[in-house]
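Given the coordinates of chain A, work out where chain B should sit on it, guided by the hints.
From first to last, the protein sequence lines are chains A and B.
Per the working numbering, residue 806 is the first one in the first sequence, and the count goes up by one each step.
Per the working numbering, residue 806 is the first one in the second sequence, and the count goes up by one each step.
Keep in mind the hints are simulated off the structure, nothing from the lab.
Heads up, a few of these hints could be off.
The list cannot tell twin chains apart, which means a pair is met if one copy fits it or any two copies do.
Stated by the list, open to error - DSS-like, lysine-lysine: derived pairs with alpha carbons at most 30 Å apart:
no., residue 1, residue 2
1, K1142, K993
2, K1159, K1176
3, K900, K993
4, K993, K829
5, K1200, K993
6, K1142, K1121
7, K1028, K1054
8, K1155, K1142
9, K1200, K1159
10, K993, K1028
11, K1121, K1159
12, K1200, K829
13, K1155, K829
2 protein chains.
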Amino acid sequence: MARPQVVIIGSGFGGLFAAQALAKAEVDVTLVSKTVAHLFQPLLYQVATGILSTGEIAPATRDILRNQANATVFLAEVTRINLDSRTVVAEKLSKTVAYRYDYLIVAGGAGQSYFGNDHFATFAPGMKTIDDALELRARIFGSLEMAELTEDADERRRLLTFVVVGAGPTGVEMAGQIAELTQHTLRKSFRRIDTTSARVLLLDGADAVLPPFGPELSAAARKELERNGVEVRLGALVTNVDATGLDVKYSDGSTQRIAASCKVWAAGVQASPLGRTLAEQTGAGVDRAGRVQVNDDLTLPGHPEVFVVGDMIALKNLPGVAQVAIQGGRFAAERIKAEVAGHQPPAEFKYHDKGSMAVISRFGAVARMGKLRLSGFPAWFAWLFVHLIYVVGFKNRITTLLHWTITFIGRARSERVTTEQQLVGRLAVKQLGEDFQPTIAGTLEPGKIKH
Amino acid sequence: MARPQVVIIGSGFGGLFAAQALAKAEVDVTLVSKTVAHLFQPLLYQVATGILSTGEIAPATRDILRNQANATVFLAEVTRINLDSRTVVAEKLSKTVAYRYDYLIVAGGAGQSYFGNDHFATFAPGMKTIDDALELRARIFGSLEMAELTEDADERRRLLTFVVVGAGPTGVEMAGQIAELTQHTLRKSFRRIDTTSARVLLLDGADAVLPPFGPELSAAARKELERNGVEVRLGALVTNVDATGLDVKYSDGSTQRIAASCKVWAAGVQASPLGRTLAEQTGAGVDRAGRVQVNDDLTLPGHPEVFVVGDMIALKNLPGVAQVAIQGGRFAAERIKAEVAGHQPPAEFKYHDKGSMAVISRFGAVARMGKLRLSGFPAWFAWLFVHLIYVVGFKNRITTLLHWTITFIGRARSERVTTEQQLVGRLAVKQLGEDFQPTIAGTLEPGKIKH
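This is chain A alone, in the form it adopts within the complex (with noise of 0.2 Å):
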């Protein structure tokens, strides 16, 4: 008879290494992505900041899964799932393509969310893929650039006055680095301006960073911070965000503008729609953030062929990170490769909590490994550690810590090209707000770019 055909969605951690955990089971594995890369998501505000190049932390997901024989991938978007008939549509292009399965293994994570309020997309990028990141590498360089060339100190002010909303890791993390090269890296590049003048603002509505860590670490945390130059504002809700800046009240009731060129948002999150055409189909509920109920085995209601993991869905209050994706795609993957060896499967899965870290400055940071607490070098040193370990690749290992050598030794950041395309097309956004009209022709055109 023919082998079991299982369709993973999405290159993430959760889809990955679901596929590598099904290397030696007698299926055949497709894998469908709309990237052609496994992306490192925890890196990619190192990216954003010019540490690290966009490959160190985005390896070919069809070269990671090169030699493993029952795997074939796919670079196209899946628009549907028809649960009845067992088949995934992806379309690439003008291309639609059509996979059936015996088993299904939705891993397809989670975009930014604006609670609402989508506009807000255009002038504080989100920090959830490698053209986000790069977009903000272009904004943050390019504010300064901007800074460096203007005559008006109104608008010098602004464009040295970054605002990253959500204290969670990614924007902790982003704050630190963001604080980090206007207060050392870039001190000695500029003329005219003083970059250790720029300011950088934290804000989040929560009434501290963090959170999940607890407060001892959340308060070290937030001194370090503070410490390192960034402004905290907690309590504080963003009402609104424009080309110039943006608008915050806070928990007291006050009201604030806040003049700032570069927003960064790491607020909320948004499970992939592919959620709810799940839930469509089958009555099981999605949440606020679009994430899908799923049984205590992982697999939708109704359907035990179907498995939904990582950011993607509502169990137990587990968080959206790496290792809840990690730990739920091989959990799929095992259920499987025992239902087709006619074994018990395992029955509940079981998440392990690993802990989780957040970089804040260099050589600083703040750990939670079981009921170890670290902050500062320590905390700094185990993520390092960690992280290493993860990053995808022997190669990839060496360049990144070559790359971490110079950055965190020699204070220097080597990756911090941006294209034409983003560094005009975004930040002339920025710049000119909502009437802009593209000042070089055909940048946001199809076709060739020109200078």
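Chain B in isolation, oriented as in the chain A frame:
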């Protein structure tokens, strides 16, 4: 009295080396460039083919010059040069800035030339900027991704046909690398297509590859190219390029239509339009490639305070290579230093030809140095050595050497990331031709990229 003001236009080899040569001079140096980085153009093809990261060949100019106290760097595009008032006008987005100069060094470089057929550019990008390289990276790897997806045999063949126009060093190196990718690197990465069945064509109107290298090396290069699966077609004139292929007219009068998705244009160069602005004001002539006639001392006729260097000059048939720009920039700086110090300035620019090299395959190259003629491994080793020296910055040298080890020994490509903009925006143009409508809304509009 005030220190003499030296304005340098361009951050390429000519501009950067001129600025550095003025480090100890009693002058203020203002370097104006439309790109933030100093681009190491000879290695651009390695970014396009996934060997190097953008940061490695394009370090930030202001960082290279950060410790040179008398140098200021501005990111802006020069739109006007007024020789009478000795001012340079530059623009960035909505900003316009003017600089007065006592000495001006114009090092605007050259762009791709389509010999009056600029519409070719949409379908066959050139190899002059980081944007070009990333766009080609997206087209090369993207074509293979699309080929893996398609069910149509003709389309697959078209997607697996790569055409490089122009058999100079850039074209030869591109063709050689694409062949290396399809014949070796990616052989095991796809399941439905056999990448070794891909065709790589190298076209040129001349009757030899790398003519300036002389008949001997030219023949050796052609042999090595063909041994690696590149189809070399000489006496071939490209009469049209569109989304699905190109039309060729051969010297024997025969014509041919080649169906190919990915086309690379490395055929001709066109000097920066700044050349014309200069010529119009002085009556100095420009040649067909838009290069300015200059005096033996690289000054503009009638303007001993204005130097033109690098790809922009028409002088004694000097080639458009890095060394002409480097030596020219340094010569201009020497003259300025001498005049400022009241010494006798060097009267004539003498170009010292250090030779030229082109890499053809893994461990295979051709090199011409003085009387010395090398091919094969010795030439390749010489290339490795020379280029490592010229890569700017110690850190870049290390990571570059590392990436080269990865690629040349391990045959891998670690820098293959392409953004949605590049992959979708550009590939779609190729796939759908002129009537392309963006399939991912926002990708080609100002503002945030939607996913």
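### Task
With 30 Å as the alpha-carbon cut-off, assign the pair K1159 and K1176 to within, between, both or neither.
within (11 Å within a copy, 65 Å between copies)
### Query
Which holds for K1142 with K993 at a C-alpha limit of 30 Å: within a copy, between copies, both or neither?
Answer is between; shortest inter-copy Cα gap is 25 Å, intra-copy 58 Å.
### Query
What label fits K993 with K829 when the C-alpha limit is 30 Å: within, between, both, or neither?
Classified as between; 18 Å across copies, 55 Å inside a copy.
### Query
How would you label the pair K1121, K1159 (within, between, both, or neither) given a Cα cut-off of 30 Å?
Answer is within: at 17 Å inside a copy they meet the 30 Å cutoff, but 69 Å across does not.
### Task
At 30 Å max between alpha carbons, let me know whether K1200 reaches K1159 within a copy, between copies, both or neither.
within (25 Å within a copy, 34 Å between copies)
### Query
Are the CA atoms of K1028 and K1054 at most 30 Å apart within a copy, between copies, both, or neither?
within (23 Å within a copy, 71 Å between copies)
### Query
Should K900 paired with K993 be assigned to within, between, both, or neither, using CA atoms and 30 Å as the limit?
between (51 Å within a copy, 24 Å between copies)
### Task
First find the shortest C-alpha distance between K993 and K1028 inside one copy, then the shortest across copies, and answer within, between, both or neither for a cut-off of 30 Å.
within (26 Å within a copy, 51 Å between copies)
### Message
With identical chains, the pair K1200 and K993 could be close in the same copy or across copies; at 30 Å between alpha carbons, which is it: within, between, both, or neither?
### Response
Classified as between; 18 Å across copies, 32 Å inside a copy.
### Task
Up to 30 Å between alpha-carbons, please classify K1155 paired with K1142: within, between, both or neither.
within (18 Å within a copy, 73 Å between copies)
### Task
Go through the copies and call it for K1200 and K829: within, between, both or neither, with a Cα cutoff of 30 Å.
within (25 Å within a copy, 41 Å between copies)
### Message
Within, between, both or neither: how does the pair K1155, K829 come out at a Cα-Cα threshold of 30 Å?
### Response
Within one copy only: 23 Å inside, 67 Å across.
Hint violations for this structure: none, all hints satisfied.
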